[in-house]
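K.L.:
Start from the sequences, fold in the hints, and give me the full structure.
Residues per chain, in single letters:
Number of protein chains: 2
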Amino acid sequence: MEMNSQTQEKSYTNSIPSKLYSNASEFIKKIKKIGEDDPRRITHCTKVGLALTLSSFLYYIRPLYDGFGEAGMWAILTVIFVFEFTVGGTLSKSINRGFATLLAAALGLGAHHFASVCGVKGKPIVVGLMVFSLAAVSTFIRFYPNVKRKYDYGVLIFIVTFTMVAVSGYRVGQILELAHQRLSTVLIGGATCMIISIFICPVWAGRDLQFLVAKNIEKLADFLQGFGGELLTCAGDESSNDSGAKNVEKSFLNGYKSVLDSKATVDLLANLAWWEPPHGKFKFNHPWKQYLKIGGLSRECASLIKSLNTYTISKSLTTAASSEFQTIIRQPCIEASTESAKSLIEIASAIKKMRPPGSAETHVQKAKSAADQLKTTLQNYSLPSKPDLQEMLPLLVATSVLIDIIDSVEEIALSVCELSRKAGFRNPKSAGELMPLPPTQVFHRGIVSPIEDGGDHVGVDIQADSTHSPEKRSSSTT
Amino acid sequence: MEMNSQTQEKSYTNSIPSKLYSNASEFIKKIKKIGEDDPRRITHCTKVGLALTLSSFLYYIRPLYDGFGEAGMWAILTVIFVFEFTVGGTLSKSINRGFATLLAAALGLGAHHFASVCGVKGKPIVVGLMVFSLAAVSTFIRFYPNVKRKYDYGVLIFIVTFTMVAVSGYRVGQILELAHQRLSTVLIGGATCMIISIFICPVWAGRDLQFLVAKNIEKLADFLQGFGGELLTCAGDESSNDSGAKNVEKSFLNGYKSVLDSKATVDLLANLAWWEPPHGKFKFNHPWKQYLKIGGLSRECASLIKSLNTYTISKSLTTAASSEFQTIIRQPCIEASTESAKSLIEIASAIKKMRPPGSAETHVQKAKSAADQLKTTLQNYSLPSKPDLQEMLPLLVATSVLIDIIDSVEEIALSVCELSRKAGFRNPKSAGELMPLPPTQVFHRGIVSPIEDGGDHVGVDIQADSTHSPEKRSSSTT
Numbered sequence: 001m002e003m004n005s006q007t008q009e010k011s012y013t014n015s016i017p018s019k020l021y022s023n024a025s026e027f028i029k030k031i032k033k034i035g036e037d038d039p040r041r042i043t044h045c046t047k048v049g050l051a052l053t054l055s056s057f058l059y060y061i062r063p064l065y066d067g068f069g070e071a072g073m074w075a076i077l078t079v080i081f082v083f084e085f086t087v088g089g090t091l092s093k094s095i096n097r098g099f100a101t102l103l104a105a106a107l108g109l110g111a112h113h114f115a116s117v118c119g120v121k122g123k124p125i126v127v128g129l130m131v132f133s134l135a136a137v138s139t140f141i142r143f144y145p146n147v148k149r150k151y152d153y154g155v156l157i158f159i160v161t162f163t164m165v166a167v168s169g170y171r172v173g174q175i176l177e178l179a180h181q182r183l184s185t186v187l188i189g190g191a192t193c194m195i196i197s198i199f200i201c202p203v204w205a206g207r208d209l210q211f212l213v214a215k216n217i218e219k220l221a222d223f224l225q226g227f228g229g230e231l232l233t234c235a236g237d238e239s240s241n242d243s244g245a246k247n248v249e250k251s252f253l254n255g256y257k258s259v260l261d262s263k264a265t266v267d268l269l270a271n272l273a274w275w276e277p278p279h280g281k282f283k284f285n286h287p288w289k290q291y292l293k294i295g296g297l298s299r300e301c302a303s304l305i306k307s308l309n310t311y312t313i314s315k316s317l318t319t320a321a322s323s324e325f326q327t328i329i330r331q332p333c334i335e336a337s338t339e340s341a342k343s344l345i346e347i348a349s350a351i352k353k354m355r356p357p358g359s360a361e362t363h364v365q366k367a368k369s370a371a372d373q374l375k376t377t378l379q380n381y382s383l384p385s386k387p388d389l390q391e392m393l394p395l396l397v398a399t400s401v402l403i404d405i406i407d408s409v410e411e412i413a414l415s416v417c418e419l420s421r422k423a424g425f426r427n428p429k430s431a432g433e434l435m436p437l438p439p440t441q442v443f444h445r446g447i448v449s450p451i452e453d454g455g456d457h458v459g460v461d462i463q464a465d466s467t468h469s470p471e472k473r474s475s476s477t478t
Numbered sequence: 001m002e003m004n005s006q007t008q009e010k011s012y013t014n015s016i017p018s019k020l021y022s023n024a025s026e027f028i029k030k031i032k033k034i035g036e037d038d039p040r041r042i043t044h045c046t047k048v049g050l051a052l053t054l055s056s057f058l059y060y061i062r063p064l065y066d067g068f069g070e071a072g073m074w075a076i077l078t079v080i081f082v083f084e085f086t087v088g089g090t091l092s093k094s095i096n097r098g099f100a101t102l103l104a105a106a107l108g109l110g111a112h113h114f115a116s117v118c119g120v121k122g123k124p125i126v127v128g129l130m131v132f133s134l135a136a137v138s139t140f141i142r143f144y145p146n147v148k149r150k151y152d153y154g155v156l157i158f159i160v161t162f163t164m165v166a167v168s169g170y171r172v173g174q175i176l177e178l179a180h181q182r183l184s185t186v187l188i189g190g191a192t193c194m195i196i197s198i199f200i201c202p203v204w205a206g207r208d209l210q211f212l213v214a215k216n217i218e219k220l221a222d223f224l225q226g227f228g229g230e231l232l233t234c235a236g237d238e239s240s241n242d243s244g245a246k247n248v249e250k251s252f253l254n255g256y257k258s259v260l261d262s263k264a265t266v267d268l269l270a271n272l273a274w275w276e277p278p279h280g281k282f283k284f285n286h287p288w289k290q291y292l293k294i295g296g297l298s299r300e301c302a303s304l305i306k307s308l309n310t311y312t313i314s315k316s317l318t319t320a321a322s323s324e325f326q327t328i329i330r331q332p333c334i335e336a337s338t339e340s341a342k343s344l345i346e347i348a349s350a351i352k353k354m355r356p357p358g359s360a361e362t363h364v365q366k367a368k369s370a371a372d373q374l375k376t377t378l379q380n381y382s383l384p385s386k387p388d389l390q391e392m393l394p395l396l397v398a399t400s401v402l403i404d405i406i407d408s409v410e411e412i413a414l415s416v417c418e419l420s421r422k423a424g425f426r427n428p429k430s431a432g433e434l435m436p437l438p439p440t441q442v443f444h445r446g447i448v449s450p451i452e453d454g455g456d457h458v459g460v461d462i463q464a465d466s467t468h469s470p471e472k473r474s475s476s477t478t
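Chains as they are written, first to last, in the UniProt record's numbering: chain R, 1 to 478; chain D, 1 to 478.
These are calculated hints, taken from the structure and not from any lab test. Just so you know, nobody snuck in bad clues.
Which residues of chain D face chain R? A few of them, derived with a C-beta cut under 8 angstroms, are:
#	residue
1	I34
2	H44
3	G49
4	S56
5	I80
6	F81
7	L156
Far from chain R by the CB rule (all over 10 angstroms, computed), these chain D residues:
#	residue
8	A24
9	S25
10	G122
11	L176
12	E177
13	I196
14	R207
15	L212
16	N271
17	P277
18	F284
19	N285
20	K293
21	K353
22	E418
23	P428
Keep in mind the model is a prediction, meaning the values are calculated, not measured. In this text, a Cβ means the ideal position worked out from N, Cα and C, and glycines have one as well.
P.N.:
Written out as structure tokens, the structure is:
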């Protein structure tokens, strides 16, 4: 019994340091992973430290301190609250803070003067009333969705500055100087942040948005490719089905799920990208909203893929014994999924490299003709007189969902073409060769071969595609 | 020509005021709608105004001003940055700000003393280095997901306060007083916000979370009820199908879509609710995470409903001419969807009223037996020798998806039972009658009848349910 309690005690005292140790090592591992996941985070931290050190010079250096006095503190505050990970975030907050301070300082001065007219007794009451009503109205305006999205921080700073100028005027006296000092230190802090953010290893929200949207499309492509591959394995070798299916499952089955939850990030990045100045290939008025549209269509496609996944793989479409029907539909299914995967890969690469989505259209057309074949099979196939519905059902559902996925992929392709037109994407060398056709015409009439690995030139095939009626063309671009 | 240009000019000058007017009236309409959507927003604005006016007394009133001086400004800053719509938001920010200020002030004082040892020349260098490294490390820690979620604001305030205490010490001299003043004004501002937020018309994030989760489940119920109703209409009266289907479509087809996008809001509210003190029926350690689980299951169910919607209604399952198969499956489909809708309504009401989900289990059981019937039909039904696949397919898919929806509804029911157990939900009058059984046992053994409209007492039926094997029970609660 004594032994037992001793052992217990020992294991107890042992467990505390070991627990602490394991917790600490867990924490360090996570921290390491954060840095490895995105090394720009480490640069960002250095940049924040730099901006803060620079702005605290306003305190250190005697001539600057004599100029700004205590207000130098505002530069420090500005840097800490305004410096964000992306350029767009920093600009959005800096500009919001700058304009809000300017406007609120002016209004605060006005309020101060107006209150002074009301005499010594009336002044605090008038100022109090003004602060109350302005704060209440501004707080209400923050609920307005468009304000909330873009100017929320500005409204907060507006209330802060107005209150401080109006209220402190009651005591400080030299109110004009206060407003001037506050404004100039905020501007200095904001400018420091903007310059460091833009010129030292900038992290562009627009570029991140572009990569996220492209990455999401790649994940869809991964699934479709994996799905096609799995069908192919089943068709080729019946005996190795089980293990084959499971291996593939692990690699591609989970990618598309993160696409479903990507709305918030895509929205946020598009919002921040709106604030960014032209940079790299991104010109003024880049169509950021189009990325939201593509993101939405990708999520639609991901949700279809989820259905496909639920109703086929979990119900072992691919591992079921081959029936006659299965044999008939397998080839077009493989064709449809691999071709749409190819087209999505092409599209993702086009978004990343900011060039027209080249051969995507060819692949979409191939996938569509495979889908048409599936549709015809579904219409004309005569089932055996006593079909096993339990076995047929997943097959039928898979086919039906796959047809819808192809439609969804085509929509994504069209909306990327629209992006390409709106943003003026061009192929690097053939820019002179391409006529400035409207994009859908480029899309439907001319097919630009993708750049081959190691190839130095781009081939342009012009194919007259008479199968597309004008109605179809106009409806698909609306 | 002249006439023409005059008319143009007139219409141009006319169009500007009319445009301005229409824009302004549009804006006012939207603002009005924001207030009408949630009248608590108006109360919130008044509360912010009140807190701000109270905290600016630190400036107005002579004895207080003599005590705090310029530092009174920090109370104003604190109020504006800390006051949030929900109690949880306000508490989270106040507590973060309070603790961060305390910790940073102490560390800043330490840094100041340490730097003083290094002599007049070394001091700015040492302070600069400390500020740089602390800011860089803290900024990096902000990327840690758990810190980002709960303590992001605290880390920001920590950097601000540390920098200001460490840097301003270089000039101001009376650094201890500065730190003390800053801390007490922040505490005064924070306390003002917390008191007003909790005691004047509080908006509890926990309550909002509960209502949102319940509302989402109601939306799923609406769809299933509408779907069942539509099937019923089709079964009853073939001629009025089209108009009937379209009317119903409008009312219930769009509700579930908002459920799909509810993740961010549910996550945020659960996060804020964590900060809230016990209030009303919410006790200490309320299982907020369980709401996240229920929210996730609701989204799963909504995505199944989306499939059902895509593959049935858009392909006019309900308006297709009746085949023999359709007639056979219609009744169980109606039964399954209406019973699961009833169970979801019961569940939503249980969440709102914080009582055990009463008769939900009965309805789930009925829906499940209808689903079993559908499964049997699918297994045993012999198709005609030449079935029209194009017509059969949507029916088959609808049936298959509906079976999965019933499973999903059962999962929701089970996880609400888990919530009920963890949070100790009780029926208002029968609390004494119910034995403190483990919840799954309560769920499977006893079925509590729902409170009838106008009824004053609750009937409790104890039914031995031997059909549930222990394996099933344990697997469904994990």
